[in-house]
Amino acid sequence: MSKLDEIQMMIHSLDKQEIVRLREWFDEFEGDMWDQEFDKNIKEKKLAAKAASAKKDFNEGKSTPV
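Everything in the sequence shown is counted per the numbering used here, starting at 1 for the first residue and increasing by one.
Since the hints were derived computationally from the structure, they do not count as laboratory data. Glycine is no exception: its CB is placed at the ideal position from the N, C-alpha and C atoms. Each hint can be trusted.
Calculated cross-link-like contacts (lysine-lysine; reagent style BS3-like; alpha-carbon spacing at most 27 Å):
(1) Lys56 - Lys43
(2) Lys62 - Lys45
(3) Lys40 - Lys56
(4) Lys45 - Lys56
(5) Lys40 - Lys50
(6) Lys3 - Lys16
(7) Lys55 - Lys40
(8) Lys46 - Lys62
(9) Lys50 - Lys62
(10) Lys46 - Lys56
(11) Lys55 - Lys43
(12) Lys55 - Lys45
The following label-pair restraints were derived from C-beta to C-beta distances:
(13) Lys40 - Glu6: 28 to 36 Å
(14) Phe58 - Gln17: 41 to 49 Å
(15) Phe38 - Val66: 15 to 23 Å
(16) Phe58 - Ser13: 46 to 54 Å
(17) Gln36 - Asp15: 26 to 34 Å
Given these sequences and hints, build the entire structure.
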């Protein structure tokens with residue numbers, strides 16, 4: 001049995017309050033992972049070209065209001 005299968009079985013045994021707490025924890029966990037990846041991409045300058053292109057398009061009036 002895989003770790004994922006074990007986790008899924010354990011989740012099925014949780015009561016409603018525990019599922020709510022798990023969801024809140026997982027949302028925060030996932031957000032932290034996304035933040036870390038974003039920070040890493042910035043440090044490695046992986047977003048520099050896209051940012052420069054977006055600034056250029058904005059300055060040339062090629063963007064639209066959201």
